[in-house]
Amino acid sequence: MTNTWMDIKNANVILVMGGNSAEAHPVGFKWVIEAKAHNRAQLIVVDPRFNRTASVADFYAPIRAGTDIAFLSGVIHYLLEKDAIQHDYVKAYTNASFLVREDFGFDEGLFTGYDEKERKYDKSTWQYELDELGFAKVDETLQHPRCALNLLKKHVSRYTTEVVSDITGTPKEAFLKVCEVIASTAAKDRTLTSLYALGWTQHSVGAQNIRTLAIIQLLLGNIGMPGGGVNALRGHSNIQGLTDLGLLSDQLPGYMNLARDEETSRSAYLEKRTPKPLRPGQMNYWSNYPKFHTSLMKAWYGKAATKDNDFCFDWLPKVDKVYDGLRAFDRMDQGKLSGYFCQGFNPLSSFPNKSKITQALSKLKFLVVMDPLATETSEFWQNHGEYHEVNPAEIQTEVFRLPTTCFAEEEGALVNSSRWLQWHWKGAEPPGECRTDIAIMADLFIKLRDLYRRDGGVFPEPILNLHWPYRMEEEPAPDELAKELNGYALADIPDPKDPSKVQVKSGQQLSSFAQMADDGTTASGTWIFCGSWTEAGNQMARRETSDPTGLGLAPNWAWAWPANRRILYNRASCDPAGKPWDEKRKLIQWDGSRWGGLDVPDFKADAGPDSGLSPFIMNNEGVARLFALDKMAEGPFPEHYEPFESPLGSNPLHPKVIYNPAARLFAGDKAMLGGHEEFPHVATTYRLTEHFHFWTKHAKINASLQPEQFVEVGEELARQLGIANGERVIVRSKRGFIKAVAVVTKRIKALQVGGKTVHQIGIPIHWGFKGVAKKGYLANTLTPFVGDANTQTPEFKAFLVKVEKDHSRGSAGHGQRAEAGKTRGETENASWLVRLLKGKTVG
Amino acid sequence: MQVTRRQFFKLSAATLGGSSLAALGFSPSEVLAEVRNFKLERTTETRNTCPYCSVACGIILYSLGDKAKNAKSEIIHIEGDPDHPVSRGSLCPKGAGLLDFVHSETRITFPEYRAPGASNWTRVSWEWALERIAKLMKEDRERNFIAKNDKGQTVNRWPTVGFLAASASSNEAGYLTHKVLRSLGIVTLDNQARV
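Those sequence lines, one after another, are chains E and Y. Mapped onto the working numbering, the consecutive letters of the first sequence carry residue numbers 1 to 843. Mapped onto the working numbering, the consecutive letters of the second sequence carry residue numbers 1001 to 1195.
Derived by calculation from the structure, the hints in this document are not laboratory data. Virtual Cβ for every residue (Gly too), placed ideally from N, Cα, C. You may find that some hints are simply not true.
Stretches of chain E that chain Y covers, calculated by requiring three or more beta carbons in the stretch to come under 8 Å of a beta carbon on chain Y [to be verified]:
id : segment
1  : 121-130
2  : 167-180
3  : 592-604
4  : 734-743
No farther apart than 30 Å at their CA atoms in a straight line, the calculated lysine-lysine pairs in the DSS-like style are these [unchecked claim]:
id : chain 1 : residue 1 : chain 2 : residue 2
5  : E       : Lys756    : E       : Lys775
6  : Y       : Lys1148   : E       : Lys272
7  : E       : Lys321    : Y       : Lys1072
Pulled from the structure, derived: some chain Y residues nowhere near chain E, Cβ distances all over 10 Å [unchecked claim]:
id : residue
8  : Arg1036
9  : Asn1037
10 : Ile1078
11 : Lys1094
12 : Glu1131
13 : Tyr1175
14 : Lys1179
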């Protein structure tokens, strides 16, 4: 989130699209209700289903799954046509006035530079036109046809209300109503906030869904504002932390990344990541990259990392490509992986195409599962009948199942969606022989290090010299690791204002990443966490609840990265002269000599309005990007591409380029995509408020609250297929089938798309074959193995299936009985859900 | 009904001096009959965070046992933390069911091993399991580590063993995991950011 949970209360309009926060983040959603009750905010929901969030919304618009970019591009078109934008903000804080290269273009669904064979773009034309000094050219009058704003205008001109409605299935009036409400926040004293989750990310165009909304928020002047922002409601309790810590194939802590093969020296690597300003006098914060990277190398390799050996630059692996989860399972399936570790992760349930995942795991030499619970993945080799049919004798994988502690039995920090690092304490000893993930990783490492010490081996240096200064080698303590994450001085750090004084003494904790150096005198495990454990102690454990601004910042509760800043880009909450756009939303302001206020300014503290410094300091042009340059895989502007399984089988905008042209599709998976003739129904997966992924089916109370696997089918489709409420259905995709009870509902209506009627069904994901709940089918049996072109997030939210009545004998327990179940005696034996649906919960 | 020595002291301290009570002839069981003994009074409160979604509601764990060295503590109740500025004491149906996760009968409590082709688990010791895993890792690293690519560029990667990292474990666990994995040259690394 750019903003915070509590800040939602400051919004005037709340758009929930690509998520269902009332269901999936119910306690955070209280702040939406707060905004409605006390700020008279309007809540708009755009979703394929009339979901729980929609049920309390002021306005709901249905949409075909996978067409959000068309919808939002239509919104942009509306805003520009009606001139409903925050002009001063757009002009001063975005690249609206920047000129784009003359040879950049877009035609028939493709931007310039496409290589069809490689399914990749040469992005060299996706750049600004530069002057002789290397700065971007701008036209402040915004008249030039190639300034970013005019190019955007041209790009979205195709998304008229008619076109949008034809692609998305959203009725025109509903679409225009949403546009009108969103447009009302172009006023300086009104803001729109956007709450999204996996409903936007799990698409082959997921990252561009979010970019389209970001463009809207920039046009409306809502980024950096209290009650504004682009707010990702993250799923797992520490997924924000794991992302910050860079536990991704090509990442390093703090959004740094590994070198590519061709970057053979530290200097070449650093130079590429230390950008030059693209406009005069910009702060260009990533110019500090060498300091953060060198500090990381000192934290990892200690004394072994010296200037003379390039701070062990070659000790880190280099990447030739990104080895993300989808690629990992594809390589595993090809027999190219020997071993795999699943630490608190259940990929058999959560990666697409379960049968491929099973086949891939069966080709491993060894699998190690570290988890508090008995997961499906740990028993992929066991036969669980119709829910998971395998022959153990044919599977040669060695499997280790290591019991770990759970949250209640360990200490440490988690990063929530608002970037707050909150410390938690241990409440009890774990059961049996459970150990913490820290202890397991440390013990395993010590054992490996001992093997290399004793027997030698390939490239042992990074293993033998890994900096390991912990009191107990086999189990480093959370506080030791937290202090290392923050960072410490390895020599006296002089005060930059008065070098005769020492700012931080050798051995002391750093208090700010501004103190870091690229000469090996500082160490830090994750630069953005610097300030979380200073000489003043553990800042993450702070529990002061006061909120002096009344805007919901709670600045002394826990600690937020970066620098305890609660709202990102908050310099943009003030006009160029340093005065808040809206007095009621005063976070910071220029007092004539300094930036002050109750949030930590996202800016240089003493850079006044006449300094020429622009507010988006992480960008080397200093402003936010309507035109994304070369940062995205499939284009600098968002474009509507159909999901890889499309009910139209074509793209109404450009029939030759139907799908995301830059998305990666592995050879074997192409054949496993289904067509709309065979699989006519659009499916989308989702979550229920009583369950969390595949964990809560291990908790009795949650297993009782939602005991029976079901799918949601609209009334009209159910009527066509002869399915009554509560009957069993089979849902098939090209990759497999699941059986479930049909909940026949008014919540999903058929949509008119491209001249035809499209039916959508909803598939909750929470069942499996392990746990204390009634067994069910893993929903990922159905889903396609294709991901977003930028992030490789699998396309779980829009794919094709065929729904039919389950006539099989196995369904007798539910379907046939329910069918015959017009007699009371029969229904009594049917499932809980069937009885509930029939209004007979007792008996 | 019996009262333990510890409860007696607690109770006495809450009313009058324990010794004076005893001097007046009150026995612990008679005192107990006078005052209702709330279950949570005997517990230790610990601040924690809900491990499910990223709202990160504050929770309070109530455990029996005072965390003394030989006292085995047990969590008997979990509720929302009213001080928490986001959740203000609320929990959703997931968070409200946390006690059943902590005490789930399907939790794993000792290391297990499944041999190639076997159809069952075998209980093993931590030492055996971690030594075997370390041995398998080293064997594979020796065989498949790539020091230089085809072009002769130093790449120092080990692409044949992969890792999925836990997104509900702490920063500290995640950080140590990252540090260890990169020292081995692992590049096949991912987390739940996408699913």
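message = If you test the structure against every hint from before, which numbers come out violated?
response = 1, 2, 3, 4, 5, 7, 10, 11, 12, 13, 14
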